[in-house]
Every structure is written in structure tokens, then in C-alpha cells.
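Read off the chains here:
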Amino acid sequence: MRIARVLLSSQYAYMLEYRAEIALWTLSGVVPFIMLALWSQVDASGANPGELGLNRLQLGRYFLSAFIVRQFTIAWVVWAFEEDALQGRLSHALLQPLHPLWRYLAAHLAEQATRLPFVAVLVGLFFLLQPDTVWLPSLPQALTALVAIWMAFAIHFLLQSAFATLCFWSERASALERLLYIPYLFLSGLVAPLEVFPPAVRAFALWTPFPYMIAFPAQLLSGNPLTFSGGFAAMALWIALLLPLVALLWKAGVRRYSAMGA
Amino acid sequence: MSEHGLGVLLDWGTGLTNRAECLPCPRRLAARIASNDQATSLPMPIVCAERLSKTYRVSQKQPGLGGTLRHFFWRRSRLVEAVREISFSIEPGEMVGFLGANGAGKTTTLKMLSGLVYPSGGNLLVAGHSPQRRQASFLRNITLVMGQKQQLIWDLPPLDSFRVNAAVYGLDERETKRRINELAEMLELGEELTRPVRKLSLGERMKAELLAALLHRPSLLFLDEPTLGLDVNAQARVRTFLADYNRRHGATVLLTSHYMADITALCPRVLLIHQGGLFYDGSLETLTQRLSPCRLVRLELKTPLPASAFSSYGQVEAIDGREVKLLIARDQLTGVVARLLGNLEVLDLEVADPPIEDVIGQLFQRGVVQ
Chain A
1 MRIARVLLSS
11 QYAYMLEYRA
21 EIALWTLSGV
31 VPFIMLALWS
41 QVDASGANPG
51 ELGLNRLQLG
61 RYFLSAFIVR
71 QFTIAWVVWA
81 FEEDALQGRL
91 SHALLQPLHP
101 LWRYLAAHLA
111 EQATRLPFVA
121 VLVGLFFLLQ
131 PDTVWLPSLP
141 QALTALVAIW
151 MAFAIHFLLQ
161 SAFATLCFWS
171 ERASALERLL
181 YIPYLFLSGL
191 VAPLEVFPPA
201 VRAFALWTPF
211 PYMIAFPAQL
221 LSGNPLTFSG
231 GFAAMALWIA
241 LLLPLVALLW
251 KAGVRRYSAM
261 GA
Chain B
263 MSEHGLGVLL
273 DWGTGLTNRA
283 ECLPCPRRLA
293 ARIASNDQAT
303 SLPMPIVCAE
313 RLSKTYRVSQ
323 KQPGLGGTLR
333 HFFWRRSRLV
343 EAVREISFSI
353 EPGEMVGFLG
363 ANGAGKTTTL
373 KMLSGLVYPS
383 GGNLLVAGHS
393 PQRRQASFLR
403 NITLVMGQKQ
413 QLIWDLPPLD
423 SFRVNAAVYG
433 LDERETKRRI
443 NELAEMLELG
453 EELTRPVRKL
463 SLGERMKAEL
473 LAALLHRPSL
483 LFLDEPTLGL
493 DVNAQARVRT
503 FLADYNRRHG
513 ATVLLTSHYM
523 ADITALCPRV
533 LLIHQGGLFY
543 DGSLETLTQR
553 LSPCRLVRLE
563 LKTPLPASAF
573 SSYGQVEAID
583 GREVKLLIAR
593 DQLTGVVARL
603 LGNLEVLDLE
613 VADPPIEDVI
623 GQLFQRGVVQ
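These protein sequences, in sequence, are chains A and B.
Using my numbering, the first residue of the first sequence is number 1, and each one after it goes up by one.
Using my numbering, the first residue of the second sequence is number 263, and each one after it goes up by one.
Honestly, the hints are just simulated from the structure, not real lab data.
Small disclaimer: the values here were computed from a predicted structure and weren't measured.
By construction, the Cβ of each residue, glycine as well, lies at the ideal position given by its N, Cα and C atoms.
There may be inaccurate statements among the hints.
Restraint-style ranges between C-beta atoms, simulated for each label pair [unchecked claim]: (1) A:ALA142 / B:GLN397: 42 to 52 Å; (2) B:TRP336 / A:LEU245: 44 to 54 Å; (3) A:PRO97 / B:HIS511: 15 to 25 Å; (4) B:LEU341 / A:PHE204: 23 to 33 Å; (5) B:SER399 / A:LEU8: 40 to 50 Å; (6) A:PRO97 / B:ARG436: 16 to 26 Å; (7) B:ASP434 / A:LEU86: 27 to 37 Å; (8) A:LEU176 / B:SER399: 34 to 44 Å; (9) B:GLU437 / A:PHE186: 50 to 60 Å.
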């Protein structure tokens, strides 16, 4: 517990040194708001408004929720890990009796805490501009959504960690991680709610981890009707699959580590 | 030149390798540890390496656009033997220096000993553990300091990094404070510990790095160029600190440095590594004597003389007016000095070993050329 407390507080202090950068990162995550404007236009110009499966209010709440979920599920292990490996900092972490991934986890959580006020300001602004979308989730709803957000973050963190371990084989694991970006963007529900996908694409998406990283927690948070079941079970399954995968890749990878930057 | 350089060392290497082979091999050592064998009065080596090797695969690329395209479509790589079957053992509390030119294999050896890199072959036992398994009980006992790599958090004061390290190693707050004070006093660190690391000078940063690396009081220190880039005063302070730490805590220190002053001040024993192989294992003094069969005689004469006047005494190293430096074979030293004093008007005479930096430097140069 003391390690967790000290790691989190030192990482939080570190993140505060970069608060301006984090504010910019928060701002750069407004894709859902842009998509909201776009889909609202599409919906309004259609013959039957609401045919997207969500009414204007639901659409607004969904994209606001998607924005919030994204802010607290972003993972960047692969970039940090790659830089540390290339600069030789990883060597120090490997020689301490604490798995290096714990440090990255602490850094992510500290970064989320730093983001929180900026996200709150943007949410406030959104409500100011669209007062009819204001809603307050019930306590059970909020708690369920919170758990879903944590699990979504766990999936994203583990996925990135799996790619980060590829640094032991390749100097540019972050380039490989880019392979995830397009499916993440389109299948996660970030650019469009899953309801607007053709049924076959939607069915395919549900076999991937991506809808559980944004769409599922966003639906829970927005209070919109859930359009797919078994979300928590699927999330638990992905975490259960990714954890041993990361452990295996790590074990195999450190054998190859040449401490090149050190 | 190379024949009486590395050639001579190779001969010693044969003898000294036998020394390593006489020691219990890691497997036997491990068995001794497992059976808690107290019968023998021999001290247990803290480091025992037997035929330790490391081979890297290195990709090769020719310069220019053609080379880039070929590299893109058809990657070529070759195996580089960074360390070749070296054997040695180190007793607890020893201070040992690794000597060798750039790329000789010193750092790779340290990385294997600390568990950072998996050996490609051989047996290795450090502090009773296989380092590459990186067990917590092993990691709590060691530290690796790399001169140009830092573990301190760049934008925060060193004290924040110390707090993290203390938590990672399970030190309580009181003990942490006590150790920080003790080490800070030894390293002459004060208010620097509350300044962001990025605002510290290189010397201050290095001292703070040492403090962070030693907070958990390791008994085995791997130091890779710990004084690199520091000015002369800062180097001296780090050296004094390391000697003091070794005395106070009985720690074993393995050190690589390009500054011979670090080695001469700290390490009675040196391991000379060249092109991945171990060429010498013994005292620095013996190494100097073997490498340089001559002694340096510095004369101050009453009147200047030409170089030809000294040809019958020894090899003229330098002449600067009335000052002459001669290299004279060790076994002829007494006779030659007596003749010099008898035949010439000598105001002052000094006998010394040639500077170790020169001797080792020449050896490396010859080795690389070879």
C-alpha cells in the first residue's frame, strides 16, 4: 500500500509539472464532440429523424459520455516504455524489486487525476452550450459506469503493455501499436455509436475488445438503453486473456533485453 | 609491439585462468549454499563466473540510399561475441576494477553480473543467485550505477525519487530519513536535494544518483563509469565516498572507468578485458610492472646535454633543456643510476613507474591495432 501511495503521489507531482501539456491532450480528445455535430446533422437531414436508433438527446449524452470514457481510458504505455528502453531508463526499473509495469500504471492513474479538472471544465462547457442534455446518473448507474471505465482502462492498458513488450524484439514497437488505432477508432464507438453500424460489422466488432473500451461504458454512463448484453463478462474475459499474454511476452522479452541504451 | 603487449598478457591469462578454475564453480557453490555447508573455512565468493559468454546479433547497414533500400528489403545481421568465456571470482568486500578499451566487453559483463542481460553461455552465481532470474532477494542486495544514465525523476527534486526507492525497497520513513542524512553527509549534499534534478549540475546529479542507488544499502555495487564527465574535484569526492562506503559497509565494488585515477585510487585488483576475453586478473601493481619492464628516471642536470650522451644508459623518453627522462630496464636500474650519478653533473634524480594511464593506453592502442 505504501508503494502505491508513494508511487501515485510522486507521479502526480510529476504530472502537475506538465499540467499545460495535459490540458492540451484533454482538448485534443474532443473527437466525440466533432462526431456529435456531424451525426446530429445527418440525423436532422434524414427523412426520419431518430432513425439512427438514438434521439438527439441520447446522441448528445452518448458522445459526451464517450468523451469522458476516453479521457479516463487512454493508455500510452507503449510510447513511454519504448522511450525508456531506448534511453536506458528501463534498465534501472528492471533492477528494482518492483515490476516496471506498476510504475507505468501509477503514471497513468496520476495522469487521469491531473486530467480530471480539465475534463470537468469541458463537461461544464458542454452543458452550458446544450443545457437540455444535462443529466445526472443515479448512484448505481454512476458506480456501474465507473467500474466499466476502470475495466475499459485495464483492457487498453494491457493491450498497450502487450505491444510495449515488443520493444524487446523491435526498436519501434509503437509503430506496430499503430495497427490498433484504426480498428480502435471505428469499432470502439468513438466516431459513431455501434447502433449505426451494419449488423454484420456490429456483430464482428463485438468479438473484438474495442466496443468495450468506449461504447459499453459510454452507454452505461449516458443512461441510454444498452444495445448489447454481456458487456462485463466480455470485459472480464479480455482482461483474463490479456493478463497472461502480457506476462508471457514479458518473460520471453526480458531474456532478449540487451540494455542497448544503457 | 603487440607481441610483448597482449602476447605477454595472454601468457599470464593462462596462469590466472587456472586460478579461477580452482574455485568452486557456480553449481558447486549453489549446492554448498543449498546444503548450508559450513564445514569449509574458505570465504564464499560473492561473484563466481565460469566461462561466461554473451553474443549479440547486430544488424548491418551500408551507408547511402542503396544501402538503405537493401537494408529495407534484405536485412543482414551478424553475431558479435561481446564476452568470450571469461572466468573469475570475487570475494566479499573486494574492490575490483574492470579495464578495457571501448567495446571490450566490460559493460556487458557488468550487465550480466547485475542480471540485466542474459548470458549466452557459461555459469554465473552472484550473491548466491542466478542474476538473470532477478529475484527480489537478489535485487535488494545489488545496485547498478551507470554514469550517463539516470534513475532520478528529471522534473522533481531528488528527495521525491528517494521516497519512491525507499518504498520499493520497503524502508520505513524514519530509516529512510536516517540513511538519506548519512549518505548526504558522506556525499556532501544539502539543499541540492530539494531542487529539481534538471537544475542540478552534472556532479550534483551524479552524487544524487549514487545516493538513490545506495539508499537500500546494497552489499554489491556495479559501477559503470560513475565519474564520467565530472570535473577533477567531483571525481575525487565520488572516489572518497566509494572508498568510505566500502569501509563502512564491507560492500563489494565492481567498477569500470576510463579514468585510471578511479582504478588506482580504489581497486587493488583489476580484470583486464580485451575483445571480450579476460587477459589479466591480478593486482594493478603487478600489471604495471609486467606491462612496463622499465622504470622512468627523471634527471635534472647542471648543463644541458644532447640525446646521444644518454644512449649508453637507456632509452631517452624526453629531453627538455636540463631535464631528461630516461627509460631504464628494471634489472639494470641500480647500476645505471650509479653510473649516471658518477659520470654526469646531476642536480636532482627521481625514479618512478611510467604513468599507468600511458601504459594501459598504449596496450589498448596496440590491441586495437592488432
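Sort out which numbered hints this structure fails and list those numbers smallest first.
-> 2, 4, 5
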